[in-house]
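Student: Chains as they are written, first to last, in our numbering: chain G, 1 to 477; chain E, 1 to 477; chain W, 1 to 477; chain S, 1 to 477.
For the record, the hints were derived by calculation from the structure and aren't laboratory data. Be aware that one or more of the hints could be misleading.
A pair holds if it fits inside one copy or across any two, identical chains being indistinguishable in the list.
Here are the simulated DSS-like pairs of lysine-lysine, each with C-alpha atoms no more than 25 Å apart in a straight line [unchecked claim]:
1. K366 to K277
2. K139 to K174
3. K139 to K389
4. K367 to K458
5. K174 to K277
Number of protein chains: 4
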Amino acid sequence: MAKRTVSKPDWTANPGERPQEKCGVFAVHNYTGPDNAAVVTYHGLLALQHRGQESAGMAFCDQKGMQVIKNMGLVDQVFSRRELDAIIAPSIIGHVRYSTTGSSILANAQPLIARSYNQGGIALAHNGNLTNTRRLYNKLLDEGQIFHTTSDTEIMLTYLFRYRRSGLAAAVNKTMRLIEGAYAAVVMDDHQMVAFRDPNGFRPLAIGRLGQASVFASETAALDTVGADFVREVEPGEIVTAGPEGLNSLKTMPNEPCQSICIFEYVYFARPDSILKNRNVHAVRKMVGSLLARRIPVTALDMVIPSPDSGVSAAMGLAESLNLPLEWAVHRNPYLGRTFIEPTQSEREEAVRLKFNPIRNLVNNKKVVVVDDSLVRGTTSRIITSLLKTCGAAEVHLCIASPPFINPCYYGIDIPVAAELAAMNDNADRLAESIGADSVTFAEPADLYRAVGMDQSKLCTACFSGSYPALNLLTGK
Amino acid sequence: MAKRTVSKPDWTANPGERPQEKCGVFAVHNYTGPDNAAVVTYHGLLALQHRGQESAGMAFCDQKGMQVIKNMGLVDQVFSRRELDAIIAPSIIGHVRYSTTGSSILANAQPLIARSYNQGGIALAHNGNLTNTRRLYNKLLDEGQIFHTTSDTEIMLTYLFRYRRSGLAAAVNKTMRLIEGAYAAVVMDDHQMVAFRDPNGFRPLAIGRLGQASVFASETAALDTVGADFVREVEPGEIVTAGPEGLNSLKTMPNEPCQSICIFEYVYFARPDSILKNRNVHAVRKMVGSLLARRIPVTALDMVIPSPDSGVSAAMGLAESLNLPLEWAVHRNPYLGRTFIEPTQSEREEAVRLKFNPIRNLVNNKKVVVVDDSLVRGTTSRIITSLLKTCGAAEVHLCIASPPFINPCYYGIDIPVAAELAAMNDNADRLAESIGADSVTFAEPADLYRAVGMDQSKLCTACFSGSYPALNLLTGK
Amino acid sequence: MAKRTVSKPDWTANPGERPQEKCGVFAVHNYTGPDNAAVVTYHGLLALQHRGQESAGMAFCDQKGMQVIKNMGLVDQVFSRRELDAIIAPSIIGHVRYSTTGSSILANAQPLIARSYNQGGIALAHNGNLTNTRRLYNKLLDEGQIFHTTSDTEIMLTYLFRYRRSGLAAAVNKTMRLIEGAYAAVVMDDHQMVAFRDPNGFRPLAIGRLGQASVFASETAALDTVGADFVREVEPGEIVTAGPEGLNSLKTMPNEPCQSICIFEYVYFARPDSILKNRNVHAVRKMVGSLLARRIPVTALDMVIPSPDSGVSAAMGLAESLNLPLEWAVHRNPYLGRTFIEPTQSEREEAVRLKFNPIRNLVNNKKVVVVDDSLVRGTTSRIITSLLKTCGAAEVHLCIASPPFINPCYYGIDIPVAAELAAMNDNADRLAESIGADSVTFAEPADLYRAVGMDQSKLCTACFSGSYPALNLLTGK
Amino acid sequence: MAKRTVSKPDWTANPGERPQEKCGVFAVHNYTGPDNAAVVTYHGLLALQHRGQESAGMAFCDQKGMQVIKNMGLVDQVFSRRELDAIIAPSIIGHVRYSTTGSSILANAQPLIARSYNQGGIALAHNGNLTNTRRLYNKLLDEGQIFHTTSDTEIMLTYLFRYRRSGLAAAVNKTMRLIEGAYAAVVMDDHQMVAFRDPNGFRPLAIGRLGQASVFASETAALDTVGADFVREVEPGEIVTAGPEGLNSLKTMPNEPCQSICIFEYVYFARPDSILKNRNVHAVRKMVGSLLARRIPVTALDMVIPSPDSGVSAAMGLAESLNLPLEWAVHRNPYLGRTFIEPTQSEREEAVRLKFNPIRNLVNNKKVVVVDDSLVRGTTSRIITSLLKTCGAAEVHLCIASPPFINPCYYGIDIPVAAELAAMNDNADRLAESIGADSVTFAEPADLYRAVGMDQSKLCTACFSGSYPALNLLTGK
């Protein structure tokens, strides 16, 4: 199936309210083990905390109907032991969320639930971003629908609720023919749980088994954490139903799904210990580092320094390839990520400066390579470079284990506006100058494809290639 | 217009979820005074705190659109000084809410808002209870509407939002022709604010003026508190629009409104310093006490003791009429209302016991009259009686300044289920026995009408008469 | 024994740090009932909450030694159910505290404990104020003692700890021969609990019995609340030991104790339902109101209005004597005591204004008497008067059920500095003018003595008479 | 000066109350820069957060006298932006603290302050552990001193306060002649600040300069973080006074100080980017890893895996020496350190299990070396080993970059009781068996001395050698 380059999705006419978000989904169905299901979900969400630190929530159905507990904050701030113990339900949908400040309101925290007095409610957790929300939104407005949130997830929820009487899987199928964009989601009513993924498969969603229970998780690392066995991924365009009789699969497309998995999951977003399409994320990053080694334009280097902790995997590969010592020469204070002093750009720089500290003895008069996974705003790289120079580093060469990141993402990753993208208008030389480094080297796209082990056609590479996969293979648009 | 006795409203087929509530509404429009409007609203809500202690909220429209700040808790717990100062908006709708435990969830806290990206949102605060919600709810469900709350207010909000394009006052008019029951409400968009009251006028809603600003409040005491002048009440069936050009009134009915103001507002609910239909609430209660004096079946009494603080006004009237000393002989610990030890009935009794303490010296060997405003469960009366007897009171005669309360309310006051109503099945003698008092005397309905200065036909007296006013004069049902 | 007028106590050379405080003490020894002792103490402290709202604490001895839980805030804010349940100890000392802002620090919250690894610690709760602290403090400083608090209680604690090896009662006896001033206190080690009261008996301390347990409480109302029987008061100068063998009494003076109980406990401080020296506090206040009736310089009055809630008892007596209607014509919003808007004087006035609301209908064109228990700063009286005039009251006559309050207290009640005392330099006429009232009438001291039923020589009346009782009958100074 | 092996210090007769603690000290004197001194101290404490996560505090002297703000929790939990801004003082002493659960009470949180009404107070922050506290404590008890804490720091504070009239530096000098053990401390009155270190120099303390201000910090990394220049360390036995005229040094001993710096600071405790005695901590750890490479009894290994993050530096050295790939094959979830599920040993194991996740693809059928810095209880090593085996690792060899840790520390590091020390009774083979590893290799002491670049005589190596340095060179004991 052919790829098409598309223009910006309709929603972004109103950019301040663009409901993009990074998220993690974890759900367990029909759990009957020694812990209660809420503790399992709690552990699963902790394992996915890196995918969203803004809010956390769990939805479940008990004798009072569909309930949700959610709040702003980290998983361990939102849930107390006491609350977990009070959740008596074998099936739970959990969610962690990150979003831009503009829509950072409790109403948008997930799971979202639609209540119904006499027919039971439904709960939905969603990772991704729809691209035809404006059209659907206006249609629903015309039909009299009101909205409580500014999240595209509420549009999905509305259709799922409307169609639910024919069964939840059928409702998902109908809804998928209306919505476009990226989604890996789990929906639940009081009978069953349904996981589904858009036909491009932008966002990951894995299936696990924990005793008799089914588990769905954004990353396999969460399955490992709760002790579940990894079964397989939900396929692009697939609808998987977990009910009393086990798992059931419904394919939405007659042909092969046209996979376009997000390259940024490998580059930065996923945990290094997760597996996506049979490729371990750390191994991919390390291999990119190895391949990147050949592209560095300088020799006689003294050491490789990972940008902590995001550049560690790639730095290992690069140091091995170049046969250079790997040095832990920039220390990151783990407690400073939590400082409250971060509002403005100058304060953000101050926070980065407080967070990192190079070891003067190690780098003094040395030619060093600093490795990071990606370059977005460039703030961290600029400050680490400047700190190293202050400590006497003779040369600082920056290696980025991904291509220049120059296009916005419409499929669920929140990215600064174009003007803030460091790599957008600069070539590597000008970029090096602005960062203060002696050189900047990016990975070539081909390095990435080789490391991932997939052809570009199987990936969404829009953020550096500008080639956006077709928005919806089901709606035909 | 004729009254009809009606059966239970349709909603209560599902009693556990019956969204009844007591509430207070305070709104200010176009305030430009020295404080900011949020501080004025904060003071107004504090003045109405007795009408709802479960949650509090404020909605307002700033440059980011329609916003709401609300949370579980008392007004001073929900809002910090800092938050108030950050609200920059000349028009605000505030709400305090009480509800049964079942629906005591944050999602139900008011104001409710409906968001709309490109057309502005609306905010609604409602005091009362709709009676045809089930029918409307099912209709909306059929149309695909989803619900986030278990509150009938969301149904009103949905219709108001659907109709808002023809103007907010017109939307209110259309919505009032669909809904039945009790409502005194204020709705706002980014242009104007509209207050409206059901054609029976069950719940109060007063209009005030504060400099150039318009104010709406459930009780006149809140107008006094913020220094606003009382203008008049919103009439039953009236729609009052506050816009740039001042107040505008729209009557929904060609004839006289058929007022059925809730008698319980006078008996118990409203503040003593409020004025309803030109009658001061304390004066009404005191006069009921005076009239009640003639009905006490015993003589040679020694003193009158108010049940603190609910029986004070009536006790004053009764003591004056009987020319008996009024004694503050039962002390109420104001700090014990806040104890956390209240879950079960036995614990509730324990809490009451901790809260009240009679003065043994005063009551020992005395024949005392204890006066309270009403008798619902009877827990407080039973325990005060028992405490007085333990302290040596020779006789305890209980005077209740309202008739026996034997029917549920469908218009916005949350009342125990019939089985828990102390007065329901017992005559006064058996009731006295079960409470442990030497006699129990209730006010006659005629006493109440005389004290209020209105004919029964102008009042809703369903809770003791069983005569429920017509549910909606507009819908014709 | 003769009274002597004394100069200001030595401590006040440093007034900003003057550790004066109002307090409540509640202690239970060897409780083995159905609740745990911490719940009993919690209820006792709630009953004494009016004596101190700044901090609360409990000390107890468990297998880990002497422990204390205390914090700033009200009793129900300091202790959670969970914490209470975790306290496993049959003997507990509790305390509530109020103090001036200057020393409003957690370190001063009581009980104070002195820890000792191998010999057990002691805990002390104290109500009152020492007057020779400066001398003792300097002596202890010279001996090398360090201090963690700015409270005089730490000085008592130090001596009690130093002397504890000869037994706790002996240590109290020795300490009482060093300290001067007002104290009603309870001290505990891991074996016994000792209650003691200064030879003047300024501050109250009652003994109760709850099953097999002994109880000590600042007021009898707290005994009533927990269901304990009132046994008697700790006598002035008495040391009462509660140990395994029951209560034991040690008199510190050969002769009759020279009682000087604080008149302000009757006037304002104690709960109306408490009993001090066999006189009920409400009855005293009511009788002062009755006696005050004769002193009002005007006739043809229309009604008596209590200043809520402090003037209620006196207003009852006054209305009865004058045969005038008692009207609840000024409503106090109980929720506004908690508003955070109180820092400056103008803001304090604003807070009072928000808190009180007169009923215009009742007072319009009426000549009213407003009754309060005492006049300190006069802020409340001034604002209530002004509000009544605004509501159309023809005349407002202010009746104060105590004499003018013109001298500072050195025995434990925190009073504004002289310049702020409304009554200090003004005669009643000038005071009426400054308050805006048509007249101000104070009770005569003789009224008060008659109501209390005691000769002035049995009372401390320094605050209005300027006659300070001898500071310490034991130290001979 | 000769070393002596000593028996357990006197205090530990009462082990449950043994006030051992790890701590960090940061102080700034006479700061007049653009930020306020509290923000500088906040950043300094964040940089030392790894040295104590239980409580944090700051003491300073403003116009109200010596103040302290401290609480349980992390630095960013204890201090809000608002509180920091409210601290107006150029000189501040800060402290972070960790201790065993038994004495984990707020009263023990530092800085401790001694208050004095008329002569000013003093504040003290202390890192270390005194060893003759029992004797001093009993002496002070005999003299009548009372204690509020269970911390040995209060003993130091008492003597410093007693002697303070001859000047703070002289008071320190006198106090140092009384106390024995480990201390690196800073004390302050309203005039000056004095830093001092025990004659053995067990705990580190660095001097920095920040503009005109003097800074003292437990580690140089904190100086780097706040932008201060590292001047030098406070020497063992030295007293450094910061006053208006700059720094002043007083040596307490005529001869060379007998340095015994704690080896465990290099092994585990200090930040890798800190410098102790001119040796960078990361460099030391990496070199130990290199030297350790020669001692591994196996060959044909496939990869080196750091135990995250404690084993990273050593793993780098070991991988380089063996020319093996370094793999980030065990992922640590940074969010799981904060889970509340940790009370019992089985729950602690569960928490470790949740925290770590190996990458199956990488380790399957591989012979791996896992490197950690030290082995205390062995819980983490056992679980990582077990997880790796479950993921199919063919062999797991454990390398520990320090000698077996078999003796308790009396100088300020909290260590499990002997029975829990994994290495205590087992030889390496039995230990491997109990951990489930194929081999366990420890660094030799000589490796450590070589890496540190100091002779054993300059170090305290008691934890693995059992040779405890003389307890106090000043007291002569």
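Student: Are the hints correct? Go through all of them and say.
Tutor: Structure-based check of each hint:
1. For the identical chains of this complex, K366 and K277 are inter-copy neighbours only, at 22 Å across copies versus 40 Å inside a copy, given an alpha-carbon limit of 25 Å.
2. Within a single copy, K139 and K174 get their C-alpha atoms as close as 16 Å, and across copies as close as 22 Å, so both meet the 25 Å cut-off.
3. Taking the shortest alpha-carbon separations for K139 and K389, neither the intra-copy value of 57 Å nor the inter-copy value of 56 Å comes in at or below 25 Å.
4. In this homomeric assembly, K367 and K458 never come within 25 Å of each other (Cα to Cα): the closest approach is 39 Å inside a single copy and 34 Å across copies.
5. Within a single copy, K174 and K277 get their C-alpha atoms no closer than 27 Å, and across copies no closer than 56 Å, so neither meets the 25 Å cut-off.
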